[in-house]
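Participant: Residue strings, one per chain:
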Amino acid sequence: MSVSEIAPLTPSAGPTVRSVRDELHGDLLEVSMGPHHPSTHGVFRMVATLDGETVTRLKPVFGYLHRNHEKIGENTSYLSSMPYTDRLDYLCSMTNNWAYALAVERLSGQAVPERAEYLRVILAELTRLLNHTCLAGFLLQDSGASGTPLMYAFREREKILDLFESLSGSRMMCNFQRFGGCRTDATPAWLGAAASLADGYGRFLDEFEALLTGNEILMARTQGVGRLPAALAVSAGVTGPVLRASGVDYDLRKVDGYGVYPRFAFRVPLGAHGDVYDRYMVRVLEMRESIRILQEALRGIPGGPVMDPKAKIRGFRAKPGEVYSRIEGPKGEIGFYLISEGGPNPYRYRVRPPSLINLTILEDLCLGHTIADTVVILGSIDIVLGEVDR
Amino acid sequence: METAEQIRDRLLARFPGAPVAVVANPGPGAQHSLLLGASHAADLARFLRDDPGLRLDFCSNVTGVDWLDREIAEAAKPAAPDPAGAPAMEAGPKAARIQPGYLEVVYHLYSMALKHGPVVLRLRTGNRSDQVTVPSLTPVWRSCEFQEREVFDLFGVTFAGHPDLRRILMWDEFKDHPMRKDYSEPDDYEWEPTPHGEVLPKARRHYPAAPAATAAKEGPAP
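Chains as they are written, first to last, in the working numbering: chain A, 20 to 409; chain B, 2 to 223.
Just chain A, same shape as in the assembly (with noise of 0.2 Å):
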């Protein structure tokens, strides 16, 4: 039975649960998940149709959370904006902070200092570390195990947002990259402290792997289920963690070598079956892999100014141009474009949310298992809607 064959769904403002009337296949249900339900992340909605306990079609619907930042961008100055990144996707401020930095600094032009660059590979490896570790609690949160997983992933991200508070000042609001550097130093002491918490973070991952990884239930709910084939994935352009757990070698950090990320050796995990295991799997190895690389930049962070003294910060203008430039966010390939006339503001500032393009892919994932299984799916896909809805 295609798709096209079920009666068609319009949004509507009637009961949660109606039943759709198929005359060859009885009586479909019609469920519309969220927004407010828990296992949806935010104000999400997932219409789903069921064909007992299958889904047979299903929707995302959003945009609840949607304030048009990219209209607030082009209406302010391009130093205004880069708050406005942190409330993007707001686990991950700072790597939200560098990926705009780094569109302004190519469309004008800037370099950056060395100390600098060291900083930012710093603190993007603590938003990874921070956001699997969230992700895989959520993870487990939804598909059952309530609340342990979730309090000791927690307590280690607590760890790291101190770092983040006592440098920049606010815990997840960050607001911390310039163009041309960051905004304040790290003191040698705070360099110590995210040394100590990268040494040890480690065993954090045993601890947690030895609950879980190997764990029957969960291995249950999560093999087989939600399975991406590596073709779809690079059509539908879904980036990050989930596009690898499908078996494509594709790491912004290694295919473009933005910053320093070059000199520091590490490996990508890929997954082999693509479904919702490999995906946990990839991102619990990805955060071993982050762990040498903090430690590697923790040691070889040189000494010099965080912040070219040359560099224009307020009152900042970009020559006319247009420049589209992406880093590997923890959720995948997050991007900005900018055109530029030269004025204070750009002309067009858009953000390619890689939340929003990893949902494309989400009925494809969810089309022939239960319902059950498609809050595991949503939850290994690991959107923020902060992001997607913009």
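No wet-lab data here; the hints were simulated from the structure.
Please note that a few of the clues may not be correct.
[As the list claims (entries may be wrong)] Straight-line C-alpha distance at most 30 Å; calculated DSS-like pairs for lysine-lysine:
hint, chain 1, residue 1, chain 2, residue 2
1, A, K273, A, K178
2, A, K338, B, K176
3, A, K331, B, K182
4, A, K331, A, K90
5, B, K116, A, K273
6, B, K182, A, K90
7, A, K90, B, K176
8, A, K78, B, K176
[Stated by the list, open to error] The following residues of chain A were derived to be distant from chain B, with all beta-carbon distances above 12 Å:
hint, residue
9, H56
10, T167
11, D204
12, K331
[What the hints assert, rightly or not] One-sided excerpt, in silico: chain A residues whose CB lies under 8 Å from chain B:
hint, residue
13, N87
14, N94
15, V267
16, Y269
17, T379
Don't be surprised by glycine CBs; every beta carbon is placed ideally from N, CA and C.
Fit chain B to the supplied structure of chain A, relying on the hints for placement.
Facilitator: Frame of chain A, contents of chain B only:
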């Protein structure tokens, strides 16, 4: 990685007479783009995806740009506006001409197989009001599906051949396209009928008349 000019020449060799042009980008990144005509866009895009030398299998970013009507000084500048959006040079008291605006859809392509990119494609609509249809590239790259819906929603570009063209971020009943440069939100944006809407104008009839100008200067009574 071939330059934009080389790709254009190869496209023209494969599809003689196809509307392809290179749009220069004066920025330091020099990401030049290929302007495709609407008639051949899907064929050209499929060629870019499948050609063994390019294999642009990954359409990373799709977005719209709204270019308003521009005044072009007739003698100083050629007919085409600067695609990167540089302001038109002033050429003294020459007769200025209005260059009609258009909407533009920009695609950023990369190759995951060969790990190169970006190749930038641009499609342009005829104007900003009634000729706003461009061919959809969703059949070529699935990642365009949500992003083209977003361009349709926020810019009002219609994509011919898109499988599911609906609003994506704004609600379905919304009328306008907020990312257009001339969009202005209505004053009564959050207005909803309440008794106050009728009561307050009625009550105004009972207010005392506005004091004369001389009385206003004396200020309030002590």
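Participant: Determine for every hint whether it applies to the structure shown.
Facilitator: Going through the hints against the structure:
Restraint check for K273 of chain A and K178 of chain A: the C-alpha separation of about 28 Å stays at or below 30 Å, so the hint holds. In summary, the hint linking K338 of chain A to K176 of chain B is not supported, as the alpha carbons are separated by about 35 Å, beyond the 30 Å threshold. The straight-line distance between the Cα atoms of K331 of chain A and K182 of chain B is roughly 28 Å, inside the 30 Å bound, and the hint therefore holds. Restraint check for K331 of chain A and K90 of chain A: satisfied, since their Cα atoms lie roughly 24 Å apart, inside the 30 Å limit.
About 10 Å separates the Cα atoms of K116 of chain B and K273 of chain A, which keeps this hinted pair within 30 Å; it holds. Proposed proximity of K182 of chain B and K90 of chain A is supported: the alpha carbons are some 9 Å apart, at most 30 Å. Of the pairs offered as hints, the one joining K90 of chain A and K176 of chain B holds, with about 17 Å between alpha carbons and a cut-off of 30 Å not exceeded. Of the pairs offered as hints, the one joining K78 of chain A and K176 of chain B holds, with about 22 Å between alpha carbons and a cut-off of 30 Å not exceeded.
Distance check for H56 of chain A against chain B: the nearest CB is about 19 Å away, which clears 12 Å, and the non-interface claim stands. Distance to chain B confirms T167 of chain A as a non-interface residue, since its nearest Cβ pair spans about 35 Å, more than 12 Å. Non-interface status of D204 of chain A relative to chain B is upheld: no Cβ of that chain comes within 12 Å, the nearest being about 27 Å off. For K331 of chain A, the non-interface assignment is confirmed: its Cβ lies about 15 Å from the closest Cβ of chain B, beyond the 12 Å cut-off.
Residue-level restraint check for N87 of chain A holds (minimum Cβ-Cβ distance to chain B is 6 Å; threshold 8 Å). With a cut of 8 Å, the hint placing N94 of chain A at the interface with chain B is violated, because the nearest CB-to-CB distance is about 10 Å. Given the 8 Å rule on beta carbons, the hint for V267 of chain A holds: about 6 Å separates it from the nearest Cβ of chain B. For Y269 of chain A, the interface hint holds, the least distance from its beta-carbon to any beta-carbon of chain B being 5 Å, beneath 8 Å.
Annotation: T379 of chain A was flagged as interfacial toward chain B, and the flag holds, the nearest CB pair being 5 Å apart, inside 8 Å.
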